[in-house]
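> Listed below, chain by chain, are the residues.
There are 2 protein chains.
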Amino acid sequence: MTIDARPHKFTLDTSTTALLVIDLQNDFLHPEGFCCAMHGVETSTVERVRSIIPRIVGVIDWARRSGVKVVYTRESHAPDFSDVTPSKKVRYENAGYPIGAPGKFGGFLIRGDSSSALIDELAPIDGEWQYDKPGQGAFYATTLEADLRAAGIDTLLFTGVTTECCVLATFRQAADLGFFTLLLEDCCAAFEPREHEAALDVLLGENGAIGWVATSDALVRSAMPRALDGHDVPVP
Amino acid sequence: MTIDARPHKFTLDTSTTALLVIDLQNDFLHPEGFCCAMHGVETSTVERVRSIIPRIVGVIDWARRSGVKVVYTRESHAPDFSDVTPSKKVRYENAGYPIGAPGKFGGFLIRGDSSSALIDELAPIDGEWQYDKPGQGAFYATTLEADLRAAGIDTLLFTGVTTECCVLATFRQAADLGFFTLLLEDCCAAFEPREHEAALDVLLGENGAIGWVATSDALVRSAMPRALDGHDVPVP
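The listed protein sequences correspond, in order, to chains A and B.
Here the first sequence stands for residues 0 to 235, numbered as in numbering that gives the first Met the number 0.
Here the second sequence stands for residues 0 to 235, numbered as in numbering that gives the first Met the number 0.
A pair counts as met if it fits within one copy or between any two copies, since identical chains are not told apart.
Dumping the calculated DSBU-like pairs for lysine-lysine here, alpha-carbon to alpha-carbon at most 30 Å:
id, residue 1, residue 2
1, Lys8, Lys87
2, Lys8, Lys88
3, Lys87, Lys103
4, Lys88, Lys103
No wet-lab data here; the hints were simulated from the structure.
Please construct the entire structure, taking both the sequences and the accompanying hints into account.
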């Protein structure tokens, strides 16, 4: 099937496609989680960032009905910090959110605390994959690439937070690794709108040499005829 | 030594630092090379993009005098296209510059043709490293990471083209791999200024959690006292 994407049309086969749901964790998206509750973050910002959640839930529903593998990631670290590189330690301290900093749900990005858990709006089902990842890019120090190859997946759809940080890092890794990569722009967000837009400008750079961008609506509309065998069911 | 960088100061030890010179190739930067000679590219654009060359040559000179390892990369592919992924083949065709497309100096990005060779303004010396890379990120399908680790290098300075494409991809990989990463903004360029700016916005995103940005002037000024043992010599 072919999707009306930017800067060029995007073709995919649902049987060799996976949907990546990147870092929809309490630390980033719960209203009382570390990032949303940080000093100075406006309620309107929290609402804007969280507005991607129902859209992503809709795309997950579409994926399940279409035979598209759903894959969830969590940025997280061992409680003893053994998988935090010196560079990442300094960067996250500089940014004002040291790894392990105390929050309502536990240490920031600490594996095993509910702080780093998936948000309640997600409910992975059997056969869907979940990865804890210590990098921003989900291919760093995980078995994601090997698992996707073993499953014969060559195409990846990107959703999650934040657009310019973990989503873009994962996208660029995937493109180099040879996957066909489509970012669903209305299913990604950043706390600073300018940073979200910058990531899109990067992805749309070089007239398509970097990757593809589309809306979730364009994806689901394009997919309906094939995914649903012509039956008329509500669009998620 | 400490450099006046954005969004936070950057500290480095020249003995464990490498300078990456990314993709300064005829295909991208020679006035008659593939990209500069493409239909519609203005002379002023070519001049703007090429204006980074003397600045990079200056930083290379500083690096050599400071004990900083200089590393050059070339985006390139085997003449039989065996290292072109299906995704990259489609992306570069979409973009209007298929890999292998004929140009004045040979096939676009073809290894062994002078099209993909380093520009004449660079003259690597013994002990400097050169990599042919089939990805946008220089860590994909190369021995760069292993070589840097073996040499005890933990800090990387980024220069080259284009900012949002191969420079950013390499930077993000390096950050995840645990390197301390500083982009020299006046030593990077893109054919579209907006794409260069977008890459900087990404790197400056999340208040420093992604990486650091500085000018080459800030680097060299900070480095002088240590690198040159207090002797007063011309700044490159």
